[in-house]
Amino acid sequence: MKSCKVVFLTSLSDKVVDEIISYSHKDFEIIVLKNSDSEEKCISEIKDCDFLLCHGKYPTDSMLNSAKKCQLVQLLAAGFDQMNLSLINSMEIPLANNGGANSWAVSDHAVLLMLSLYKKIIDSDNSTRLGTWKKPINGENTFEMANKKVGILGIGNIGKKVAKRVQAFDSIAQYYDLFPLDNQLNSQLSLKSVSLDELFETSDIITSHMPLNDQTFHMINSDRFSQMKSSSILINTSRGEIIDEKALISALDSHEILGAGLDVFETEPIQADNPLLKMNNVIVTPHVAGTTWDTWARRSQFAFSNMIRIIDGDKILGQIN
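All you need for this note's numbering is the position in the sequence shown, starting with 1, plus 450.
Please keep in mind that the hints were generated in silico from the structure rather than gathered at the bench. Do not take every clue at face value.
Below, simulated PhoX-like cross-link-like pairs (lysine-lysine); rule was C-alpha separation at most 25 angstroms, straight line [to be verified]:
1. 455 x 507
2. 569 x 598
3. 476 x 497
4. 507 x 569
5. 518 x 455
6. 611 x 599
Pairwise CB distance ranges (calculated) [stated by the list, open to error]:
7. 582 x 619: 24 to 30 angstroms
8. 487 x 453: 55 to 61 angstroms
9. 453 x 619: 46 to 52 angstroms
10. 651 x 531: 25 to 31 angstroms
11. 453 x 572: 47 to 53 angstroms
The model shown is predicted, which means the values in this text are computed figures rather than measured ones. Using N, Cα and C, we set each Cβ at its ideal position, and we do this for glycine too.
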């Protein structure tokens, strides 16, 4: 195999970068560019690269326009809303994401948020440290997962794993997806496909695992909150823009819903004056649901294997365009 140049745009730590590179092919020359590197430097390296690998740092239009030799733009994550898809399409460069590689981590995190809200873990930790023993736990405001209906928005790699996890807690999993599973698979996985209205009206927990696009932008809005039970909680580990954040704040403030567990926000990083940060019925994490040490091996192997597929003339996996 001839030597290939891979430009890796990333915001990751040196230790994680080294771990990722350890899975590359011996004939790959890896050029790592961080957020501190100028656009001019990035363009000078990208203009003759064979492959572009991205995570946490993404190419500007100028960078993409310089990528005349690039045979593949490969993402290490599932989301691709940071990319100028129309420009990539016009340049006829394949774009592939890494759907499924972080599905274990994200599904774990989604269930963690459910349990943390139901059991008031943050409040319990704080009360123990502050010496206000057992407050505010009063026997009325903590709950079990058993027999609760969990409504899953999107039944892809992550959604299926969420279903499996909540079923282990004796929850009932139902889902909405534009492309529902066939009846046989629904039966095998003990899943029920429902309409969007039924999901919002009947679920005790609603968890979002949808991609961000024109159809899902502000999909969860004031109309949807009005359908939800006052005892229900909302979990979002997908994309912040799927929820109308102003409507969410209003629903939480008026106790239209019980609480929310959020790993993603409309504006990231979340602003210090965001009302969500002052609400005790909200648990927030800084877009880290998919970030674990374990996931880098899967992400890296998938990404570099896709580059080998291009070289061998085989069909790549996870192609977006």
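To see whether the hints hold, each was checked on the structure:
1. 455 x 507: holds (18 angstroms)
2. 569 x 598: Holds, at roughly 14 angstroms.
3. 476 x 497: It holds: about 22 angstroms lies between the C-alpha atoms, which stays within 25 angstroms.
4. 507 x 569: violated (37 angstroms)
5. 518 x 455: Roughly 13 angstroms between the alpha carbons, so the hint for residue 518 and residue 455 holds.
6. 611 x 599: holds (16 angstroms)
7. 582 x 619: 24 to 30 angstroms: Given range 24 to 30 angstroms: holds, Cβ gap about 29 angstroms.
8. 487 x 453: 55 to 61 angstroms: Violated, at about 22 angstroms.
9. 453 x 619: 46 to 52 angstroms: Once the Cβ atoms are compared, 51 angstroms apart, the range 46 to 52 angstroms for residue 619 and residue 453 holds.
10. 651 x 531: 25 to 31 angstroms: holds (29 angstroms)
11. 453 x 572: 47 to 53 angstroms: Check passed, 51 angstroms falls within 47 to 53 angstroms.
The structure does not agree with the numbered hints 4 and 8 stated previously, though it agrees with the rest.
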